[in-house]
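K.L.:
Each chain, written out:
2 protein chains.
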Amino acid sequence: MSSDAMRPTGAESLIATLEASGVEVCFTNPGTSEMHAVAAIGRAQKMRSILALFEGVATAAADGYGRMAEKPASTLLHLGPGLANGLANLHNARRAATPIVNIVGDHAVSHRDLDAPLASDVAGFAAPVSKWIKSADRVEDVGAAAAESVAAAMGAPQGIATLILPANTAWEHLPEGVKLAAPPVRVAVPPAPDARMIRDVAAALKSAQKAVILIAGKALLEPGLQAAARIAAATGARIVTDTFVSRQTRGAGVPAIGRIPYFPEMIVDDLKGTDLLVLAGTKAPVAFFAYPGRPGALTPEGAKVLSVAAPSTDAAAALAALADELGAKGPAPLTQLKRMERPQPGALNATNAGAVIAHHLPEDAIVVDEGATSSGAAFGMSGTGPRHDWLYLTGGSIGMGLPLALGAAIACPGRKTVCLHGDGGAMYTIQALWTMAREKTDVVTVIFANRSYAILKIELMRTGVQNAGPQALSLFDLANPEISFAGLARSMGVEGIRAETVEEFEAAFSSAMKRKGPVLIEAVI
Amino acid sequence: MSSDAMRPTGAESLIATLEASGVEVCFTNPGTSEMHAVAAIGRAQKMRSILALFEGVATAAADGYGRMAEKPASTLLHLGPGLANGLANLHNARRAATPIVNIVGDHAVSHRDLDAPLASDVAGFAAPVSKWIKSADRVEDVGAAAAESVAAAMGAPQGIATLILPANTAWEHLPEGVKLAAPPVRVAVPPAPDARMIRDVAAALKSAQKAVILIAGKALLEPGLQAAARIAAATGARIVTDTFVSRQTRGAGVPAIGRIPYFPEMIVDDLKGTDLLVLAGTKAPVAFFAYPGRPGALTPEGAKVLSVAAPSTDAAAALAALADELGAKGPAPLTQLKRMERPQPGALNATNAGAVIAHHLPEDAIVVDEGATSSGAAFGMSGTGPRHDWLYLTGGSIGMGLPLALGAAIACPGRKTVCLHGDGGAMYTIQALWTMAREKTDVVTVIFANRSYAILKIELMRTGVQNAGPQALSLFDLANPEISFAGLARSMGVEGIRAETVEEFEAAFSSAMKRKGPVLIEAVI
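Sequence lines, in order, name chains A and B.
Per numbering that gives the first Met the number 0, residue 0 is the first one in the first sequence, and the count goes up by one each step.
Per numbering that gives the first Met the number 0, residue 0 is the first one in the second sequence, and the count goes up by one each step.
To be clear, the hints were calculated from the coordinates, so they are not data collected in a lab.
These figures come from a predicted structure and were not determined experimentally.
Some hints could be false.
Identical chains share a label here; the pair holds if one copy fits it or two copies do between them.
What the hints assert, rightly or not - Quick list of in silico lysine to any residue cross-link-like pairs, SDA-like style, CA-CA up to 25 Å: (1) Lys-70 to Glu-300; (2) Lys-133 to Gly-123; (3) Lys-515 to Asp-363; (4) Lys-282 to Asp-112; (5) Lys-456 to Arg-111; (6) Lys-130 to Arg-111; (7) Lys-130 to Ala-118; (8) Lys-282 to Leu-113; (9) Lys-271 to Ala-232; (10) Lys-45 to Asn-479; (11) Lys-178 to Met-512; (12) Lys-439 to Ala-43; (13) Lys-282 to Ser-109; (14) Lys-456 to Met-5; (15) Lys-45 to Phe-243; (16) Lys-130 to Lys-282; (17) Lys-515 to Ser-473.
Let's have the full structure, built from the sequences with the hints guiding it.
P.N.:
Here you go:
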């Protein structure tokens, strides 16, 4: 073996650099072009590799991990098509502003122009979801690019850094003098709150009759909520958050806030009469979808709109500065513990299932919510339960929940993760169950099995379609044939339980809360 | 109701135009922005809509349909993320040069700039796989754009035409004077073979010592194979095809040709000494992946390379012209029927499973091959069986086979479709089984369950990785936990059978060949 071959490979430089920058987990579905990266991970000191059977599982797991760990996981995907399979959940992660180091293997640089079957425009696929894209085309640049990718993912605004790793720069050996691990790159810090804007907003709040403060992003963790609650107590302003946010801390001991409803006419009603709309870490509300003859921009008529923190800045710090400016020093009013009561026995529906979930939800749970039309009850009923974090479907692309829960559970092994999922969306990334079994993650999944894309039946009416007819309606129907989610779980090594009554559901859910490890409950509603 | 509202919508114009242009099937997973298109399909006279639980199923099904029907199916996908989920199999379809009308719903034009959660760069996602992209931003243009999309998909070179349909141009009513269905647009015809090139190649073939004719695309259907076989009989040239092609007709009554092997050093060996390489409908061979220290371009050293038909042209016509120029008028030698014999009883493996498949494969079967390391035996042993079509994984993106078989079966309901699949790849789009059950498609799926990404274990050695270690190797291992494919099938309404011996496998496979409807056999090898 030559002295050259004794030196580390580019792939080893990649993994060592990621470790030096604090990246500890890699969610992957690798292929031939990633072999040297796989080997480097296999020899790594700290990096934990987690196999997904589909790339959309890997990317959403990285999202769930990032939301809870507040630092990036890496992915390792197989060329353009592997990336493509992960894009929809990267779209959701982009909307959640989750830091992710998204590593995509590519053909060797010399192989790119040959147009081999797997060749494609990798950077083109990545562009719509990435805030940063770089291809490490020389082995000596791999470490620096990796360090830069972590800083890019973590820097404000946080997001997805896509690092393309050609096979040859993974397998080649570092030249003499190039260190194994590149040093971490300084992370861009969001600008401090604008003092003048804080004063202006404070003045506006004092004179407003009906002020609403719309907060999102990191402001939904405890410090931001505390500051917001102090402002509310001092000014009477109402604090609300967007319909779908990355992560919100809720429950006993945490200030409670409102939530913008989903349908645009409900948003209009909810905000009617608002004379001041203050934004912190988000934008003015818009309709999720357009509808014939209805407005899409939903800023209340006549309201003054001021922003204390753009989406990319530190909204919690801005709210704290605003509270201080208002002299709102006292402790914020906190939610008092009041557990939901157990429901009456009987046939299961989304409401009594929600009561069971709220009643048994343990302290410090993580709830992943892709429940569509079915999880609203659980959400509402758990607001005064023990403290927990609630994670939402941020980008509207269904099929995020199961792998998001997987990633959240990997980030927080000491906490119980509960995944509330619609049946339609669950079929997108059902393969996540296998990785839950393999990693023995502590995730309890509730599939609300209403055997339909129920939201689409509602939307069909709302969009003004007349006389849709049976062929159209059949496209929202999941009953022919009925899917056994309990059977799917068992086929992938996860305990699967079917529940048709409150009693069956409560027995299954309460038992799963007391144990460790993955369980799926098919809640037939 | 105003007279305006009595006129058809843009969505109805879309569907009526597609029907007028010969599009009969729509594979879809729609959402709110596609509601009016769903309603229009529901009222359509001819368009058949087929629901997929995941967009990668819809796009690969459209690929399978297009390969067999020789005309496009349409898709109907939900904004950028819905398209993103379908991209990997659109990559495979692009490599197969399959005509597809890929319809993607988008936000209303007025809603696009609001950056709602589902907004994304739809055209950006589509670009790497599409030969044609247009957004129909005015209702009066929807019909013309739809007609153009069909012509774009069908015109040489065939491929994917992505038509973006904003929600408002779907729901708005056509202005007075605009016809419901736009007339079909003339399809571009590939140029006629170049007479001078045909003469030159004929002369070169006469003087060559060791000529190889590499054919692909439509040349692999019967007329092209007949012409190629006549050339071979007249000149002694060897006819081969690429490793992975869209569709090849094989078996009794059809000329037999060779196939380029997979690994590059085997290609080099196979082509060694070739002094003339004639290309018809394809390019000179390249390595599927790059390997350290090995060449990627595999044109045999010293060989003269001539092309009678570029990939985008009519290779069958060029071969017929070449055969005529050579005076090769006689009937081509045809494969004589010789069914594979039944294997000995015993434990199941890929070889004896292949023999069972080859022995029982009925006349006119369609075989979809994503068998990776396991389907080579079935391929080799079926070459002298009854006539059939063999469809390959064209773009290297695994997870195409199950939905490709679904689409092929929809195109050819009178023929038996057999899907040969690796277990790793099958987990990518396992949701296809549900649509098979729902549509009662006549697809018999064989999952070669070797509990690993077996090809990657081979590639790990080939890429020169030393001492990979257990953590790296575990990333190719699907045994922890073991997946029950029979259970997955049953959970989605498809008959699922597990076979561990030749006897069990033969009983299951031969029985499935004699019945109609979907069956999955988990072949434990």
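K.L.:
Does each hint hold? Answer for all of them.
P.N.:
Each hint, compared with the structure:
no.	hint	verdict
1	Lys-70 to Glu-300	neither (39 Å within a copy, 52 Å between copies)
2	Lys-133 to Gly-123	both (12 Å within a copy, 18 Å between copies)
3	Lys-515 to Asp-363	within (14 Å within a copy, 53 Å between copies)
4	Lys-282 to Asp-112	between (43 Å within a copy, 13 Å between copies)
5	Lys-456 to Arg-111	between (46 Å within a copy, 24 Å between copies)
6	Lys-130 to Arg-111	both (24 Å within a copy, 20 Å between copies)
7	Lys-130 to Ala-118	both (23 Å within a copy, 16 Å between copies)
8	Lys-282 to Leu-113	between (45 Å within a copy, 10 Å between copies)
9	Lys-271 to Ala-232	within (21 Å within a copy, 83 Å between copies)
10	Lys-45 to Asn-479	between (47 Å within a copy, 22 Å between copies)
11	Lys-178 to Met-512	neither (48 Å within a copy, 61 Å between copies)
12	Lys-439 to Ala-43	within (22 Å within a copy, 49 Å between copies)
13	Lys-282 to Ser-109	between (45 Å within a copy, 18 Å between copies)
14	Lys-456 to Met-5	between (63 Å within a copy, 24 Å between copies)
15	Lys-45 to Phe-243	neither (34 Å within a copy, 40 Å between copies)
16	Lys-130 to Lys-282	within (19 Å within a copy, 36 Å between copies)
17	Lys-515 to Ser-473	between (39 Å within a copy, 23 Å between copies)
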